[in-house]
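Engineer: Residue numbers (numbering that gives the first Met the number 0), protein chains in the order written: chain B, 0 to 613; chain H, 0 to 379.
A few of these clues could be false.
Partial selection, computed: residues in chain H whose CB lies under 8 Å from chain B [claimed, not checked]:
id	residue
1	Gly-235
2	Ile-327
3	Val-354
Note that these hints are calculated values from the structure, not bench results.
Backbone N, C-alpha and C define an ideal beta-carbon position, used for all residues, glycine too.
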Amino acid sequence: MTVSRKPSKPEINPEKIKVILATDCGSTTSKARFFKKLGNEYRFVASGEAPTTVEAPFEDVTLGVRNAVREVEELTGHKMLAPHGIITPSKGEKEGVDLYVTTSSAGGGLQMMVAGVVKTMTAESAERAALGAGAIVMDLMAVNDGRRPYQKIERIRHLRPDMILMAGGTDGGNVTHVVETAELIDAAKPKPRLGIDFELPIVFAGNKEARTPVEEILDEAYALKVVDNIRPVLEFENTDPARNVIHELFMEHVMSHAPGYDKLMKWTPIPIMPTPAGEGKMFQTIAKTYNTNVIGVGLGGATTNVYSMYEDKFVRTVSANLGMSYSICNVLKEAGTKNIVRWVPFDIEEADLRNRLYNKMIRPTTIPQTVEDLVVEHAVAREALRLGFEHHKLLARPLRGVQRRRTIADIFEQEAFEETYIDMLYVDWLAGTGGLLSHAPRRAQSALMLIDGFQPEGVTNLAQDSVFMMPHLGVLSTVHPKAAIEIFEKDCLVRIGVCIAPRGVGKEGEVMKVVVYMPDNSVKEEQVNFGGIKRIPLEEGEKAEVEIFPFRRGDVGRGPGKRSKVVVEGGVVGIILDARGRPLVLPDDDKERKQKLTEWSKTLDAYPERLYEM
Amino acid sequence: MSSQAYTPGLKRKASTIVRKTRILPIPGDVLVKKEDIVKADTIVARTFVPGDVQVINLAGLLGIDLWETSQYMLKKEGEAVEKEEPMAMVKSFFGLFKRYAFAPVSGTIERVSDITGQVLIRESQIPLEVDAYIRGKVVETLPSEGAIIETPAAFIQGIFGVGGERKGELMMIADTPSEVLTAKEIGPKCKGRILVGGSLVTNDALQKAVKVGIKGVVVGGIDDQDLTNFLGYKIGVAITGQEDIPLTLIITEGFGEMAMSEKTFSLLKEFDGMPASINGTTQIRAGVMRPEIIVPRPELTTKEPGDLEEKKEFLEQGLLPGTPIRIIREPYFGALGVVSELPVPLKKIETESDVRVLEAELEDGRQVIIPRANVEIIEE
Numbered sequence: 000m001t002v003s004r005k006p007s008k009p010e011i012n013p014e015k016i017k018v019i020l021a022t023d024c025g026s027t028t029s030k031a032r033f034f035k036k037l038g039n040e041y042r043f044v045a046s047g048e049a050p051t052t053v054e055a056p057f058e059d060v061t062l063g064v065r066n067a068v069r070e071v072e073e074l075t076g077h078k079m080l081a082p083h084g085i086i087t088p089s090k091g092e093k094e095g096v097d098l099y100v101t102t103s104s105a106g107g108g109l110q111m112m113v114a115g116v117v118k119t120m121t122a123e124s125a126e127r128a129a130l131g132a133g134a135i136v137m138d139l140m141a142v143n144d145g146r147r148p149y150q151k152i153e154r155i156r157h158l159r160p161d162m163i164l165m166a167g168g169t170d171g172g173n174v175t176h177v178v179e180t181a182e183l184i185d186a187a188k189p190k191p192r193l194g195i196d197f198e199l200p201i202v203f204a205g206n207k208e209a210r211t212p213v214e215e216i217l218d219e220a221y222a223l224k225v226v227d228n229i230r231p232v233l234e235f236e237n238t239d240p241a242r243n244v245i246h247e248l249f250m251e252h253v254m255s256h257a258p259g260y261d262k263l264m265k266w267t268p269i270p271i272m273p274t275p276a277g278e279g280k281m282f283q284t285i286a287k288t289y290n291t292n293v294i295g296v297g298l299g300g301a302t303t304n305v306y307s308m309y310e311d312k313f314v315r316t317v318s319a320n321l322g323m324s325y326s327i328c329n330v331l332k333e334a335g336t337k338n339i340v341r342w343v344p345f346d347i348e349e350a351d352l353r354n355r356l357y358n359k360m361i362r363p364t365t366i367p368q369t370v371e372d373l374v375v376e377h378a379v380a381r382e383a384l385r386l387g388f389e390h391h392k393l394l395a396r397p398l399r400g401v402q403r404r405r406t407i408a409d410i411f412e413q414e415a416f417e418e419t420y421i422d423m424l425y426v427d428w429l430a431g432t433g434g435l436l437s438h439a440p441r442r443a444q445s446a447l448m449l450i451d452g453f454q455p456e457g458v459t460n461l462a463q464d465s466v467f468m469m470p471h472l473g474v475l476s477t478v479h480p481k482a483a484i485e486i487f488e489k490d491c492l493v494r495i496g497v498c499i500a501p502r503g504v505g506k507e508g509e510v511m512k513v514v515v516y517m518p519d520n521s522v523k524e525e526q527v528n529f530g531g532i533k534r535i536p537l538e539e540g541e542k543a544e545v546e547i548f549p550f551r552r553g554d555v556g557r558g559p560g561k562r563s564k565v566v567v568e569g570g571v572v573g574i575i576l577d578a579r580g581r582p583l584v585l586p587d588d589d590k591e592r593k594q595k596l597t598e599w600s601k602t603l604d605a606y607p608e609r610l611y612e613m
Numbered sequence: 000m001s002s003q004a005y006t007p008g009l010k011r012k013a014s015t016i017v018r019k020t021r022i023l024p025i026p027g028d029v030l031v032k033k034e035d036i037v038k039a040d041t042i043v044a045r046t047f048v049p050g051d052v053q054v055i056n057l058a059g060l061l062g063i064d065l066w067e068t069s070q071y072m073l074k075k076e077g078e079a080v081e082k083e084e085p086m087a088m089v090k091s092f093f094g095l096f097k098r099y100a101f102a103p104v105s106g107t108i109e110r111v112s113d114i115t116g117q118v119l120i121r122e123s124q125i126p127l128e129v130d131a132y133i134r135g136k137v138v139e140t141l142p143s144e145g146a147i148i149e150t151p152a153a154f155i156q157g158i159f160g161v162g163g164e165r166k167g168e169l170m171m172i173a174d175t176p177s178e179v180l181t182a183k184e185i186g187p188k189c190k191g192r193i194l195v196g197g198s199l200v201t202n203d204a205l206q207k208a209v210k211v212g213i214k215g216v217v218v219g220g221i222d223d224q225d226l227t228n229f230l231g232y233k234i235g236v237a238i239t240g241q242e243d244i245p246l247t248l249i250i251t252e253g254f255g256e257m258a259m260s261e262k263t264f265s266l267l268k269e270f271d272g273m274p275a276s277i278n279g280t281t282q283i284r285a286g287v288m289r290p291e292i293i294v295p296r297p298e299l300t301t302k303e304p305g306d307l308e309e310k311k312e313f314l315e316q317g318l319l320p321g322t323p324i325r326i327i328r329e330p331y332f333g334a335l336g337v338v339s340e341l342p343v344p345l346k347k348i349e350t351e352s353d354v355r356v357l358e359a360e361l362e363d364g365r366q367v368i369i370p371r372a373n374v375e376i377i378e379e
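Looking at chain B on its own, in the form it has when it is part of the complex (with noise of 0.2 Å):
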């Protein structure tokens, strides 16, 4: 079975699109998302999932896709499913649909190589322009990354690739490094992952002179595609032509050869995006239509991707192996057990803690039916997002190899250069999205694996997808950008509130004092003590003002101790005042611990009251 299309965007007319379902063929669950015209703005009707079925018995993901939308079906009564695919243009009231859409981060998603020349440079430039395409790197080569070459070509053998992105050289530069790889590669003679009888695609985004030489070796055994350099010059960053390229591989070549997309590619007349370029889009949505720097997370079952926009700069990463149903006992490898066990408020063996996940991982698709399953889950979570974010800082740095004039002072901050960009204290959004969170039962329960996980500072935004569909409004924003930005603001987005959380540690006894101009004229003075939480209700959609008396070395944006004055916007949960202090360390002591986590989660109503009598 080898089917290839070239991916194209077809003519849409916008005004005749009344009923529009989209889908995302996730790595545990197909998820159906139904939106109509209703009166004159679009608006999300119903939602259906069902189990993947891309691999064995069932081996064709439409299986799995049909399941998700008769549940929309049986939901809504309005039927969509036809022997052939999904019934369009819609017929009437009840039947069809006008526009159908898809993602997919199944079977694995996008899984890639890159290799670059040097990895702090041309390496790391190909490694972002491989994530921001919505990939999994699966390893990054380059010229001194320590390994001899037949290290490298065993296991480029072994990786198996969906597709190797190649960078290296400035134009003009370095030649035979670039060249030395593509000769590497060639030896390792690696076979895709999916069907041994389809050409490796690979991409070379590198030194232009390197070109024909690169050509000459991997032109005929390989789909080879040439596309600008990725770093022309030291000081630039060029991902965008890279990044396009992949996006039309992975439609020719990946999904073409993954069971059932032959037919899922008939079904939908727009091309089948990653799920996590879908997502990608639309926190960029939210930087773009706020005017800010916005950190966005994807918490899926298998991988944690986590966006950046910050001052116009937007990375994504993937950390491939954490997540919460296959990958959950990695996040526990990752993490260690007592950083897990940190966050239950309640006593449990850390053998019982690990046994549990163990389970969950070789029975993915179950979910917690008692609140103490919840909250072993939701501990996971923490530290998914924890080390999510610790490694997304490790790329969201500025380029490597740009000559600075710098100063006797300059040598003394060397650290503080080689760090990230980004500053939690100008972060104004906070956004997550994926299973876990959008199923969390109280939005409370979001809010404080968000905060715990990322730790915002300063006055930060929080919100989350209501029910999972930012990769489904993604893929609709590129053939229906009206349809998609409404739905967006009216049901994707939660404002979940906002978070004032002051940088810096406090003493034991200090407070932080908020005066708070309520929208009904009335003023709240509210006070929290250095190491507690307090909640402040303020509904979605009304504005206070709020004056932030930090604790004395806390900073909440103008300095330590200083005072500052923010209109805030509410949300569910409203403002939530985190005077816990950052970095937040828990207490060492369990008894200390354990009534502190109890303090915060009630304080926020996060739980049933049942979690408070185990």
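Fit chain H to the known structure of chain B by using the hints.
Structural biologist: Frame of chain B, contents of chain H only:
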């Protein structure tokens, strides 16, 4: 048909037709014919994979310019070279002095690069064979790829395993499904066998099993820490089968002490002493590959539909009132029951989530409400 949100169940069958496609990863020669009767260790196909590559920095070695590399080669691309044979030579001082570069391995010169100054030698091909894995009949040959082997057999899936394909006689060690398999139950008579225990295998038992030369262990549960000790590392994602370990371990229920399901236990007991083929390979990714125990039963002749087709049909029927199920998550983990109702509207559960549920009657008579995602169908 109602939508299906549940985990497909594990297969436990006393008799079914098992069909195994045995193919090479790259084209090669098929060594069997249709209708051949094969043993589990009969080689059905063979090929050669490209050998390892040695990269030699020739320009550096001889102190020449990169662009001159091919000029000094004594062997050209495509030519064979023996270990320690001169492959390049540089003359200096009017030919008075000669410097050689010797091949570090035997192989073929694959590439001489005037851009990088490197020479690549490809070592000899490595043979790669595929055996039949199960005793049975060749029902189809796949030219250049391999063959399909079929046999009537008992077929049992586990939930998780480590270690690849292995063959041996089944040997019951436990009398009941709740017995713990410890080192003292294992002796020299177990050598070469596949041991079947009860609810748990201990770390000591695994160490002893390795010492005695046991091929495989099938058991209800294992403590995660014991698995880590056995493998020497922690498992992060459930993609297994490639471990370099001396025996294959299959767990049938999950992590922790878990009595083996009655059905699995009694089936394995029925085939005590018979030759079996097992594979611990597990891949839990959108659809699953579970570990398996196959006991060929050539005495059976009943024609049944092929394994996977049948499973697919069965699963497409999905959950119906009366479907036997097993609960696979707390608070009723392991309990058996029968679906009594499948309400369409979402229902609030203890966590306050609104989810699709089913009502079930458990074996002990309790009526319970469970998320559909937390049950598996028992295939009889």
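Engineer: Which of the listed hints are not met by the structure?
Structural biologist: none
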